Amino acid sequence: MSQQTVVQLVFGVMAALSLGGAMGVVMARTVFVSALWLILSFVGVAGLYITLGAGFLAVIQVLVYVGAISVLILFAIMLTEDVMGDEHPNNGQVGLAIILLTPLIFLLGKWGFTANWPVKAAAILPRSGLSVDAATAAALPGALKTGDAFLVPDSVAYLGRVLMTEHFLAFEVVSVVLLVALVGAIVIARD
Amino acid sequence: MVDNWGFIAVLTLVAFTVPLIGLALSWLLRPHRPGPIKQTTYECGLETIGDSWVQFKVQYYLYALIFVLFDVETVFLYPWAVAFLGLPLFALVEMVIFLGILAIGLIYAWRKGALEWV
Amino acid sequence: MMMELMPVWLQAGAGNPLREFLLENILTGLSEAWRPLVADLLTWSLTCALIMGIVQVTMLYCTLLERKFVGRIQDRIGPNRVGYWGLLQPFADMVKMLTKEDITPAVAHRSVYNLGAILVVPPAIMVFAILPLSLGLVASDLSVGFLYFISVASVVIVPIFMAGWGSRNKFALIGAMRAVAQTVSYEIPQVLSVVGVLLLAGSLSTGDIILAQGTVGSGAQASQGFPGGWFILTQPIAFVIYLMATTAEVERTPFDIPEAESEIIAGYHTEYAGIKFGLFQLSQYFMTIASAALGSVLFLGGWMSPFPGGLLQTLGPLNLGFFWMGAKTLLLILGFMWLRGTWPRLRSDQLMGFAWKVLVPLSLANLLITALLGWLLHGWWNASGAQGLGRSAVVVVAFLAANGLLLFGAMLGFGRLRAKGGRPDIRFEATGVGSSVEGAA
Chain A
0 MSQQTVVQLV FGVMAALSLG GAMGVVMART VFVSALWLIL SFVGVAGLYI
50 TLGAGFLAVI QVLVYVGAIS VLILFAIMLT EDVMGDEHPN NGQVGLAIIL
100 LTPLIFLLGK WGFTANWPVK AAAILPRSGL SVDAATAAAL PGALKTGDAF
150 LVPDSVAYLG RVLMTEHFLA FEVVSVVLLV ALVGAIVIAR D
Chain B
0 MVDNWGFIAV LTLVAFTVPL IGLALSWLLR PHRPGPIKQT TYECGLETIG
50 DSWVQFKVQY YLYALIFVLF DVETVFLYPW AVAFLGLPLF ALVEMVIFLG
100 ILAIGLIYAW RKGALEWV
Chain C
0 MMMELMPVWL QAGAGNPLRE FLLENILTGL SEAWRPLVAD LLTWSLTCAL
50 IMGIVQVTML YCTLLERKFV GRIQDRIGPN RVGYWGLLQP FADMVKMLTK
100 EDITPAVAHR SVYNLGAILV VPPAIMVFAI LPLSLGLVAS DLSVGFLYFI
150 SVASVVIVPI FMAGWGSRNK FALIGAMRAV AQTVSYEIPQ VLSVVGVLLL
200 AGSLSTGDII LAQGTVGSGA QASQGFPGGW FILTQPIAFV IYLMATTAEV
250 ERTPFDIPEA ESEIIAGYHT EYAGIKFGLF QLSQYFMTIA SAALGSVLFL
300 GGWMSPFPGG LLQTLGPLNL GFFWMGAKTL LLILGFMWLR GTWPRLRSDQ
350 LMGFAWKVLV PLSLANLLIT ALLGWLLHGW WNASGAQGLG RSAVVVVAFL
400 AANGLLLFGA MLGFGRLRAK GGRPDIRFEA TGVGSSVEGA A
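Chains as they are written, first to last, in numbering that gives the first Met the number 0: chain A, 0 to 190; chain B, 0 to 117; chain C, 0 to 440.
Treat the hints as calculated values from the structure; they're not laboratory data.
Computed from a prediction, not measured in an experiment: that's the story for all the values here.
Each residue gets a CB set at the ideal place from its N, CA and C atoms; glycine is no exception.
Treat the hints with caution; some may be incorrect.
[Said to hold, decoys possible] Now the in silico label distances, taken between C-beta atoms and shown as ranges:
no. : chain 1 : residue 1 : chain 2 : residue 2 : range
1   : A       : 21        : B       : 28        : 52 to 62 Å
2   : A       : 10        : B       : 103       : 39 to 49 Å
3   : A       : 188       : C       : 330       : 34 to 44 Å
4   : A       : 95        : C       : 110       : 20 to 30 Å
5   : A       : 18        : C       : 110       : 18 to 28 Å
Kindly generate the complete structure, drawing on both the sequences and the hints.
As structure tokens, then:
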């Protein structure tokens, strides 16, 4: 039972959580309960990020999706008059869905298991994840030299550095996008 | 990294057992005598009128929208803040522009009355 | 010298003495493939047990302390019948909650209703993973520690919403809506106020944040930390914003609108009885303790001794970090209780307006000033090679002056806004429950 096996087991559990949550979303008869299943699915995705060694992405996933987007969805349900508590019966398209989706799932599964995935050494990072010595840095793709220390790609500081230098234009565009979203939201919600 | 998250996985399991142990203990100890009057919805001694799942006002939704946008903004602040003291002044200028554009959004929401709780 | 005294019993993974002991002496019979895993699981479980024990006992006695303390503030004695000085009162409360009949409303959505009560506890326990007890005594020093805390704490709103909706009670639903709206509104200033600290510390990890505060005052082993000492000295406005936002996050008076008993009975847990009600209380107390501990980590130097030169940081071979950490946390908890005993409850519109119109702009301005000043001072001490107490004094004075100016400017600005009528409209809404009637749009 190596560490790898355990990580794979956890990966399986998390994948099951997110897929089960997604199933719950379409199977639930109440919109509110559907939203709750969706939140479970978000949590599962965060777990997947953790098993992939992307801790920062995982906490951001929980913060933004579970902590913020879910609130938006729940509030949207709360201000919609008719759908809040209604029980919506399944509309009899389950058979059709199964027929259409089975080949797709089969194809995706076949491709997923046979494809040659590039596996990076960065999957298992040093403990605090902030700086490593030269030997470790040589084994990690994209490790950055600052002074005497090396930053590993996963570290938040590395992300900030890259965001501020190489991708600064994208970073500024994000703020414009957020502004447009805010203005649009207010205009739509008030009219 | 893996070690730290492994511990958190175990802690998560333990955290879920705490309320379950409480519920199980209580289930063993407590009386169970339900009745139709006991199980009515609590409402100041009066009968509930209409369904409790009422429609809420749009103000909540507006607040949630503004919240989501600012939440995403803070996500960009963390990497910047952590890397900041080793970066050139350009990083500060970038962040001033970033925050400035979002501050315009906040002022817009303020002016349009989206922050009023009525 | 201090690093030698560093106990690492709680640390996850290799290097933990308990884990090494288990590997070498107890688990010798197991196969090579299983030994590390079993050793890890055992150490983690023991660490969990230790954390749970500390947190549970603290929580139980916080309830007693709160009743005593608020009692004294209100000129009462507080509980004093069960055990000497009421010391057994928490246990009496526990037994009472366990033996109370569980009443579920007939119309409730049973699964959502019950799950809400169960799910409200785990996030409040999980946040303790990154809180250090002392130097090296941190269960999981994640590189994203602070962010982990904030995101896990933000999950609590989901079970709260489930409770409010699942009860199918108007008061419960209104309470849940208020709770969620309030929590999300105050999350922004809470986070923005801390970004300044993260910027000066240069890390999100709780261990690094504490070490960064160690160049003056105590410890003195972090040579490349921030030279301003505890962050309360350089970020006083952020500290106050953090305290206010945290009080709102954990829904304590004066921000307890979601549970305003004179308006909406008990908010989202109106319909819960017995142990399920107890679970909500448990979660709230856990969050209060965790937030106070995080506050002492971020602003009060965590486990560091408050005396200059690290006096009383160690007593013989013993590192007193856990004592200082506990004392600072307790101090902040007492602050929360003091607020509860003194302040009246705010109104919904005042509360929301305060978060978005006062705290968010103020914390944004504070962040910009911190960044600019931090950058200037960093450049200065790199260029001049300034060191030691002189450098620290300059940094602290500069930050205090900037904070003073910011406060002055903010008061001037908000004063002018008020004069122009820009403050929230304070008409009394005579329709239904307070000012946040939800029925009509």
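Against the structure, the hints come out as follows:
no. : hint                      : verdict
1   : A:21 - B:28: 52 to 62 Å   : violated, 39 Å
2   : A:10 - B:103: 39 to 49 Å  : holds, 43 Å
3   : A:188 - C:330: 34 to 44 Å : holds, 43 Å
4   : A:95 - C:110: 20 to 30 Å  : holds, 29 Å
5   : A:18 - C:110: 18 to 28 Å  : holds, 20 Å
Checked against the numbered hints listed earlier, the structure breaks hint 1 alone; every other hint is satisfied.
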